[in-house]
Amino acid sequence: MFEFLFKYPSQVFSRGTFVLLSSWPMWLFGVGLVIVGAGLAWLVWRPGSPRAAGTDSPRMGGVRSVAVWLMQTAMAALLLFLLWHPALSVATLKPQQNIVAVVVDDSESMSIADEGSSTRRDAAVNVLNSSLIKELQGNFQVRLYRMSDHLERIEKLDQVTAQGQATHIGESLKQVVDDAASLPIGAVVLLSDGADNSGGIDLDTISEIRRQRIPVHTIGFGKEKLSHDLEITDAEVPPRALPDSRLSAMVHLHQHGYAGQKVKINVKEDGKILNSQEITLKADGVEQVEQVLFSAGPAGVKTVQIYVDPLASEENTRNNLVTELVSVDDRKPRILYFEGEPRWEFKFLRRAVEDDKTIRLTTDLRTTQDKMYRQLLSDQDANVDLVDGFPTKVQELFQYEGLILGSVDQAYLKPEQQMLIHQFVDRRGGGLLLLGGKDSLADGGYQNSGLNDLLPVVLPERKSKTYVIDAADVELSKEGRESLITRLDEDPEKNAEHWKKLPYLMNFQDPGTPKPGATVLAYSIPRGGGGGKLPLLIIQPFGLGRTAVFATAGSWRWQMLQPVSNMDHEMFYRQLLRWLVNDTPKRVTGSTPKSVISDISNIKLRAEVRDTTYLPAGDATVTAHILGPDGISEMVDMRPEPLELGVYSADYSAPKEGSYAVEISAKRGTEDLGSDTISFRREDGVAEHFHVEQNRELLEKLSSETGGRYYRPDEAGKLAKDITYSEAGITVRETRDLWDMPVIFLLIAGLRAAEWTLRRSWGVI
Amino acid sequence: MRYRNIGLVVACGLVSFFGTLFAQKPFKEWPAIEYNDFPLPQDYQQKADWTRARLRYPDIYGYPDNPRLVMRDGSPFPGYWTMDYPRSDRHLLQGVRRLTRIDTKSVEQVVSLDGTDEIYNWPVLYAVEVGHWKLPADQAAQLREYLLRGGFLMVDDFHGSNARDHYVNDGQNINEWQVFTDSMSLVFPDRQIEDIPNGDPIFHVLYDLQDRFQVPGAQYFETGITYEKGPTGKPPHWRCIRDDRGRIMVAICHNMDLGDAWEHSDEPQYLEKWASLAYRIAMNYFIYDLSH
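Chains as they are written, first to last, in numbering that gives the first Met the number 0: chain A, 0 to 764; chain B, 0 to 291.
Please note that the accuracy of each hint is not assured.
[What the hints assert, rightly or not] Here are the computed distance ranges between Cβ atoms for each label pair:
hint, chain 1, residue 1, chain 2, residue 2, range
1, A, 311, B, 140, 52 to 60 Å
2, A, 415, B, 203, 30 to 38 Å
3, A, 447, B, 242, 36 to 44 Å
[Unchecked claim] The calculated DSS-like cross-link candidates involving lysine-lysine, where the alpha carbons are at most 27 Å apart (straight line), are:
hint, chain 1, residue 1, chain 2, residue 2
4, B, 46, A, 462
5, B, 46, A, 464
6, A, 477, A, 499
7, A, 462, A, 514
8, B, 46, A, 370
9, B, 133, A, 499
It should be emphasised that the hints constitute simulated quantities derived from the structure, not laboratory data. Cβ coordinates follow ideal geometry from the N, Cα and C atoms, glycine included.
So here's chain B without its partners, still in its complex pose (with noise of 0.2 Å):
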């Protein structure tokens, strides 16, 4: 019998060890613009049904391509993709976990649209900072094919539609709206960015969130006000892009910071009225994504 018991643990650690080779890509940290020393969750490495993906995307800057891109330290950009991470999403999947039946892992997945099949393993995905990011035809089509498929985007922490209330080191002016929706009208050039009415069921699957505000991001902590990027980041808009069934299948957070308000949300300082928001957000989203 113990040798039998020992052969059933050998079995199965072979059969975990070469389904990790064979089947998703395994877990992995990359450096980040605001951490690097995180610690992981001890059972990081525990399996689950479910986690939420973060997307690897290059920007308008130049990553990943321009290795001229460096930190002030001295080391290479990591990307505005890397924005909040990767504590933000450490304190999103705790949320995940104890808000909701989701069986989800404790860690988040980077993923890229690199061509491969990779991506469509993790049908739900979050891209920060859209603002500056910059799809190439090739990754917007592979984002087109990924959502018509079925998997789920949402966008968050980028602020205003006006150039000029914008100011960047290198003397740039930014519309944020304007450069995700250049990529986006890449991804899909047929179909239209709308608000998401609010009995729309994204907000009630599972919290009924017809009162929202704006959520503001960690700059509050030395502006203490609320918005960003001038007048037009004032107002939050919760927009979408939606399927032929009328599903949201792009899910836009545009004025508002919800991946701050998941990395902050341990501090005593960021208002809980905001963190409560945006995870009760993000569970409606996910449930939602879930079950449409």
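For reference, chain A alone in the conformation it holds in the complex (with noise of 0.2 Å):
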């Protein structure tokens, strides 16, 4: 219709420049266009005319006369203008002379057959076969190239056999980009389903394409949507845990045509599945965020797999599953706990981590006004240098991960030991949790210490005491249902009408309100209150550290009052404990973005190095040691990062699939600064079953950012016409005359038939 109004396709219009062939000046266009106006005026409301206003013809008078007038003066405007000779200055391609790039994707997403009853590969065959590569043909010559992970130029479409392992559509322009340095490229035809898996087009290569002026036309192939699929699109996994660690696995996912069924996550490790979890499924195309909880088991490198079984009539089954890698750390995080005063919370606490493997609790016990009893670990005794009571030094501190502190009057800490706090959790990067109790928080005056700022509390300046010791009962926020720290139960409502029926607290205290940026994850609830709650456990992150109040001494009576089987207390205090310690760094931390790559091979590794008092190390020597399979082994040095102090990275390419253990190694001079090893996995064959759906949006935007237009295949056959316009490669500027476009008379003729209309409507003919 566009091209049957206006002579010419929409493409000439959009990258042709407007001009007026004629030498005549425009203001005498100006000049005529008053003078002709003028004319009409006068011809319209001359003395004695029957159309003149107040004469005795009232039927065109007033608005009316003016509409006329109007209506004669614009096809007037429209035949003088025509006189000016209006054009376009359009550049063409020279026929013969330019390369049109075809490229095909040959990725293993092109070989669902959702075209009808054949695959997209087909689809895009038979377009090119059907008559484009002969229209292209007639007027270029015309490269073919085959597109997956790389781009290869190809003689015959038979070559394009759908079975590559990715789609880098950046990458495989780029390379077409280069030939077009040294050959004339006009355009480039990308018959796609877009389904990237690189992360999408950089804006490097779109820039390059659109300064070289390719047009990049896109034919996009395959459904949008699938009517019946599932979707693992990620699955949010911590690369790192402690041993028998519990962990959260967040599973995003989506669907079509299965909304209100209800399926199971499962996650799988070395075959063995560690937990499954039944979910209602929300509308289609609807992005779902689910929680599965599973245990970490004990340590080494675990390959995670987290599945849902193929529904019925799936199209696509192969991506119900994504597989993650899990670090389980073979390192027993130590904490301190300093308790100011005997009391059965210590002693309940103490028991209730005393069979937890990786925790290794040292306590400091002050029995009488002077004394103080620890209790260390005998593998340990030797590094522990207590004997002065509470640390005061940086190396004595911050050999822990993690500290608690008791009922511990905030004077009996000096200035400088409150300092020493503050860093270990600001700079250090441990984990500091409060109790309640006598001298604790704000009864222990802890509102005007050098603590008070690291509190994930605002601890309330009431002269009489916060701590109470009567009954109070608990309840979980919102955030405590889910939280790993509070789980008693896997379900959350579920947990939190576990933590309703936990035998009460003996005490509770009001630690104040909570800081922005601080969680609440339970309520203390005091019995006879009238159902006022206070806070009871608040977390908060600092620095690099955490912090938490706990604001009680009773919670001993959940094992007390519980049978001996029951095991909330034991495992509330363990959660609790190993989420203080499971985050913090050691002096070397090294990391990548992704524990899994698939289908790519380029993968960075980041190390972040700390000086013996956890100040960053800017001056270190970092090394990666890579052992991979089939006896891969590499050293690579890793380099600072320019804006990132005592942070180093390196990019790698891991040649072959499989799973790779980076040991990082860093040095200051002959000082060993200390090594951390992580782990990552190579997998191909994955990523072309994700995101399958024709993802018209990048190809639509791909197009029109570098001048060419995207088409459906049943509109292909406009294709051969519009790429001839272009300003890449050889081209010719052509002028194309405006005036005899149809729609010019269709405007002539549509005005005087307005006015005729309105004549006769009006009794004036």
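Make one complex out of these two single chains by using the hints.
Written out as structure tokens, the structure reads:
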């Protein structure tokens, strides 16, 4: 229709420049228009004219005569403008002197049979074979390419087999652009489903294509939505964990065709199902996030598979599974528990974690005014220096990953010790837990201490005691129901009920108001207090570490008031203490952006290096020793990141599929700063099964950014004509007249017809 | 502001009142063998994190079910569990306050193995004269549960292990050790009673108590001897029953009377060295319990 009305394809208008071919000046057009308009006005309103206002012809008075004058003037202006010879100047490719690069997606997703009864690959080949190739060859040289994770020139379309294991559109186009530097490539025709799995097309590639003015025309294949499919789009699993920790996998999924159906998300490791959780699928196309818990198990690198069993009539079942790597560290974080008075909470906290083989708890108990009772683990006696009570030196305190302060009046801690605790959390990245008690929190004067800003609460300024020895029930907050710290039951609702049924606390403390950014996981509800509740368990991140307040010393009743077999108290404290230390960094901490790379080989290795006082070490020598499949053993030097002190990185290309272990070690001169071992896994043949719907948005964006156009397969016939208009390659500039466009004739005729119709309706004809 | 303060006070009062109703049983004084008018400390209602409970147990004479058991003045027999009570308890708790940082009440709490949950609110327990106790099976089972959950029991003031050396008014001869173990074996049929070695942390957690000696009861005032119930009552035995991790959960003080030592520690006739050791033993046991 556009071409019928405007004579030329839209490409001519979008790419061409409007020009007036007449040599007459434009001011003359203005003068002429005024004269014509005035003449028409005289004819309409001349004295004695029956059309003049105020005459005895009411049918043509007022607004009606103005309308007639406007229509006549518009038509005259249009005819007058055509005398200036309007035209479009447009660059067109010189016939037979340019190359059109035809790029066909050869990745595995093109083998999906959702183009009627044929595959996407077959549909693309049919489009080319039916007429497009011939039409293009009529004007251009045609170069055929197939594209997957790389670009490859082919001679025949038979070589497109849809077996490539990835789709890297950006990199492929970059190669075409590189070819254009030596070849007159006038346009690119990309036949693809747009299911790119390299993370999209980078801006540099787009800029380079734009710079060379090569239009990329895209023809999209495949359904934009599968009718029956469930896809796990991502699974967030902590890359590191302590042995036997409870881990949370946040599983992202969406589906079409199964809304309301119940399915099970399974977590499997080494053939053994670690957990299954039933969920109800949300509406079609809605992104859904579900939490599945599982145990980390013993130390080692775990390859965890998260999957949903194939559903009935599911079109693509290979996107129901994702693989993640969890490195279960063989480390035993150390926690110092400093307690100001012998009390039952101390006793039962110790008992709760004594069977936890991961947590190493050192306790320092103030038994009398001047006596401390230290309970050290035998294997660390030689390293621990607590002879003078609470640590006063960085080396003494920083050897721990977590710190618990019991009922300790802040005045007992010297200012320098308080500063040390501050640095322990902020700089060392340690975890600090404050328990309630008669000398804790506000009753211990912490609001006036150097630790005040560490706390996740604004302590109350009341003069009366905040620590109350009376019964209080416990209720989880919304966040507490889901938190791994307070998870006594896997189902969040059951978990909330579980906590409500716990024996009451023997005491509670008003910790004040949670600070912005802090999270309240549980509340205490004093019995007989009218239902009012106080924050009980509050956590927050602080600096590199984290802090928490557990505003009671009476949770020991959960142990004494429940059967011996009940593990609520143990489980709670173990989870709390693991949270306290799980993310406390070592002096050298390695990481990768993803633990599993699918169908790509490049991965960025990163290491944060600190010295013995945990200050960033910007002058270290950092190397990564990489061990991979088939005996791969490489040493890679890591370079300092210019804007991040103490951070080192290296790009590594994993040559083969499989698991890789990377030992990162750092030295400063001859001083060994430490090491860390991380893992990643390269998997091939995975990416093509995800995001398999046609990514029309990406194809359209690519076309519009480069001056091309997106076509459906049934519109591809127009492409051969449109492709002529390009500024890349060898071009010639042509002018196209506009005066004889059908739309001009229709406009003139329309104006006359409108005037005639109006006059008929007014009865003046 | 004034009304706000009044509101706060009223609210705290309500919390305290209802809290007491819903929480542990309130403090109660019981009639005792030796004392019925021992003054209450002024702060006896003051709450604290800790106190030592005293076990009210049934004994071999039929307490509390035998109504014919009466004292010389005709009053009902209060039970052997009340020996030294409450003077001994009050003195001991003063000692706890003075010698440690344990936040203790000034009065004891009397608890029973009555099948309710009340006893579990008091994780440290003292039983006196256990040479006369007689736990029925249900109470023994509850005591077992109490100890396995984390409770601590200290028994004291029973002597000898030979029935012939013990004569009571009704003509019975009693082997107090045997009586104790008869009930204790109901509590733990499969756990051995063992001597606590000198090097055990319980003797060093606060005071180093490797040099211990017999702490006599008040009968010393009349007899001038430190032991009771014949030759088998002479050697003091520091024994225990341990849990599966080797922690002491029942501390057995046989052939000594620490209860009398605390009770009479304010009397000049009672030697300071005995009272001192009795207190230090108690402090060590309590600190041990709270740290293990």
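Note to self: Does the beta carbon distance between residue 415(A) and residue 203(B) stay inside 30 to 38 Å, or does it fall outside?
What the structure shows: holds, 32 Å
Next item on the list: Would you check the hint for residue 46(B) and residue 464(A), treating anything up to 27 Å between C-alpha atoms as holding?
Entry: holds, 13 Å
Next item on the list: Below or equal to 27 Å on CA atoms is what counts here, so check residue 46(B) against residue 462(A).
Entry: Holds - the C-alpha atoms of residue 462(A) and residue 46(B) are around 19 Å apart, at most 27 Å.
Notebook entry, point to check: Given the proposed pairing of residue 133(B) with residue 499(A), does the C-alpha separation stay at or below 27 Å?
Noted result: At roughly 38 Å apart (the allowed maximum being 27 Å), residue 499(A) and residue 133(B) break the hint.
Checklist line | Hint consistency between residue 462(A) and residue 514(A) [alpha-carbon to alpha-carbon, up to 27 Å] | finding: holds, 21 Å
Notebook entry, point to check: Holds or violated: are the alpha carbons of residue 477(A) and residue 499(A) at most 27 Å from each other?
Noted result: Distance of about 13 Å is within 27 Å: holds.
Next item on the list: Take a look at whether the Cβ-Cβ distance between residue 447(A) and residue 242(B) falls inside 36 to 44 Å.
Entry: Roughly 43 Å apart at Cβ, these two residues keep to the hinted range, so it holds.
Notebook entry, point to check: Should the hint that residue 311(A) and residue 140(B) are 52 to 60 Å apart at their CB atoms be regarded as holding?
Noted result: holds, 55 Å
Check: Given the proposed pairing of residue 46(B) with residue 370(A), does the C-alpha separation stay at or below 27 Å?
Finding: It holds: about 25 Å lies between the C-alpha atoms, which stays within 27 Å.
Consistency with the previously given hints fails for number 9 only.
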